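Trainee: Turn these sequences into a full structure, and let the hints steer you where they fit.
There are 2 protein chains.
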Amino acid sequence: ELVDAIAAKLRAGPLAGKRILVTSGPTHEPIDPVRYIANRSSGAQGTAIANALTGLGAEVIFVTGPATAPMPQHAKIVPVQTAREMLAAAEDALPVDAAIFTAAVADWRVKSASAQKLKKSKDGLPLLDFEENPDILHHIATLSDKRPGLVIGFAAETNDVVDHATAKRLRKGCDWIVANDVSAGTGVMGGADNTVTVIDDSGVDSWPKMTKAEVARRLAERIAQAMS
Amino acid sequence: ELVDAIAAKLRAGPLAGKRILVTSGPTHEPIDPVRYIANRSSGAQGTAIANALTGLGAEVIFVTGPATAPMPQHAKIVPVQTAREMLAAAEDALPVDAAIFTAAVADWRVKSASAQKLKKSKDGLPLLDFEENPDILHHIATLSDKRPGLVIGFAAETNDVVDHATAKRLRKGCDWIVANDVSAGTGVMGGADNTVTVIDDSGVDSWPKMTKAEVARRLAERIAQAMS
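First to last, the protein sequences are chains P and Y.
Residues 1 to 228 in our numbering are what the first sequence lists, from first letter to last.
Residues 1001 to 1228 in our numbering are what the second sequence lists, from first letter to last.
In short, the hints are calculated from the structure, not lab data.
Incorrect hints may appear among the rest.
[To be verified] Restricting the straight-line Cα-Cα distance to at most 27 Å, the calculated cross-link-like pairs of lysine-lysine (DSSO-like) are:
{"#": "1", "chain 1": "Y", "residue 1": "K1146", "chain 2": "Y", "residue 2": "K1076"}
{"#": "2", "chain 1": "P", "residue 1": "K111", "chain 2": "Y", "residue 2": "K1111"}
{"#": "3", "chain 1": "P", "residue 1": "K209", "chain 2": "P", "residue 2": "K168"}
{"#": "4", "chain 1": "P", "residue 1": "K76", "chain 2": "P", "residue 2": "K146"}
{"#": "5", "chain 1": "Y", "residue 1": "K1117", "chain 2": "P", "residue 2": "K209"}
{"#": "6", "chain 1": "P", "residue 1": "K111", "chain 2": "P", "residue 2": "K168"}
{"#": "7", "chain 1": "Y", "residue 1": "K1111", "chain 2": "P", "residue 2": "K117"}
{"#": "8", "chain 1": "Y", "residue 1": "K1209", "chain 2": "Y", "residue 2": "K1168"}
{"#": "9", "chain 1": "Y", "residue 1": "K1168", "chain 2": "P", "residue 2": "K117"}
{"#": "10", "chain 1": "Y", "residue 1": "K1209", "chain 2": "P", "residue 2": "K117"}
{"#": "11", "chain 1": "Y", "residue 1": "K1117", "chain 2": "P", "residue 2": "K111"}
{"#": "12", "chain 1": "P", "residue 1": "K168", "chain 2": "Y", "residue 2": "K1117"}
[Claimed, not checked] In silico negatives: residues of chain P with every beta carbon more than 12 Å from chain Y:
{"#": "13", "residue": "A12"}
{"#": "14", "residue": "I77"}
{"#": "15", "residue": "A88"}
{"#": "16", "residue": "T166"}
{"#": "17", "residue": "D200"}
{"#": "18", "residue": "P208"}
{"#": "19", "residue": "R218"}
All figures in this text were calculated on a predicted structure; none of them were measured in a lab.
Ideal Cβ positions, reconstructed from N, Cα and C, are used throughout, including at glycine.
Mentor: Next comes the structure, spelled out in structure tokens:
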């Protein structure tokens, strides 16, 4: 960690010396040893953001669920499976100067995941009892002691994108929300492009459609500006 | 298709001229546009089997869910997402001389997958109503007209492997069951090795631990022998 910190300080760029947490990918919530519930997320936008941040000199801790996108090049990778593991890894990464929550965290988990493969019941259907997963974004954004200076959430919506995302920003207690429309027709999920809207306390900033790498670079520059 | 058939006939090997269906990978059953239920399966064993079969001259139709393993080199790839799509693609592939069902098909799907992203309800928990997916192996193994001459199922078990697999062979109506223990400790899921037991009407044939590629080659040779 000392070596990483020294390496970060030696890096050039507007984010040199800044330590930034990025969460990425989906979480997998086990039903039993062979079944799970997941959110669709390749992790591509998260990887692009981590790469853009290290490109500006930041030290990045990259907490990632089982993503299919390549891992970022110069970040510290912390692999996790479930939402609870992701929260623990995010807390372990504190203190950080900024935290960017791109992960598509499952909202629920199965209450008592079975240690053995579930056999079909008489009617063939499972009885799954759900419980809520921790709200990682809300938890970190409302910490009294170690809250990062800049907390950014993502909102993947399929309808009323700006309305839902604006409400989410207030509900979660984060500084910015990056909202996008992931409806099937948009090709965002699994695709190369993204069309995002950045919402902060000064209003709504809609960006044109661009590649996920371009979204990442523009967001990293906005972060550098906000932290300078 | 004619070109494929001619190419297959021109291929050397004990399975030249044979047309074989292989299913592989997991299925993803949508809950809503961003959430799904899945079985853990990299598709590595299915890809290895397809490669071994084409290596012996077979024409392979490879019906695959969203797998993370590389696709086979010389098979006809038919990508699907859900169990119902996999059944339809398997039926489309008929007639075949043999069918090998390595896919980890989700047993259930959500009754009415939502076209919009589910919002948290008051208590934060989803109400998911399940229904059974089609039993692809049983369906194909019990066809009256187009049943393939050799039908092979796979059984991923975490306990009482041979007992469960023996019962499964009879219940499904298939000729062979290839059973393996996918308990967390075995490292089979996502790993390079596999320890399988082949069960047919003559009894139980337990193979030593070997790579998935070796399992595939040995199984392909056993298939060639049975079909000669």
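Trainee: Now tell me if each hint is right for this structure.
Mentor: Hint check results:
| no. | hint | verdict |
| --- | --- | --- |
| 1 | Y:K1146 / Y:K1076 | 20 Å, holds |
| 2 | P:K111 / Y:K1111 | 21 Å, holds |
| 3 | P:K209 / P:K168 | 22 Å, holds |
| 4 | P:K76 / P:K146 | 20 Å, holds |
| 5 | Y:K1117 / P:K209 | 22 Å, holds |
| 6 | P:K111 / P:K168 | 26 Å, holds |
| 7 | Y:K1111 / P:K117 | 22 Å, holds |
| 8 | Y:K1209 / Y:K1168 | 22 Å, holds |
| 9 | Y:K1168 / P:K117 | 14 Å, holds |
| 10 | Y:K1209 / P:K117 | 22 Å, holds |
| 11 | Y:K1117 / P:K111 | 22 Å, holds |
| 12 | P:K168 / Y:K1117 | 14 Å, holds |
| 13 | A12 | 37 Å, holds |
| 14 | I77 | 17 Å, holds |
| 15 | A88 | 19 Å, holds |
| 16 | T166 | 15 Å, holds |
| 17 | D200 | 23 Å, holds |
| 18 | P208 | 23 Å, holds |
| 19 | R218 | 24 Å, holds |
Consistency with the previously given hints is maintained throughout, with no hint failing.
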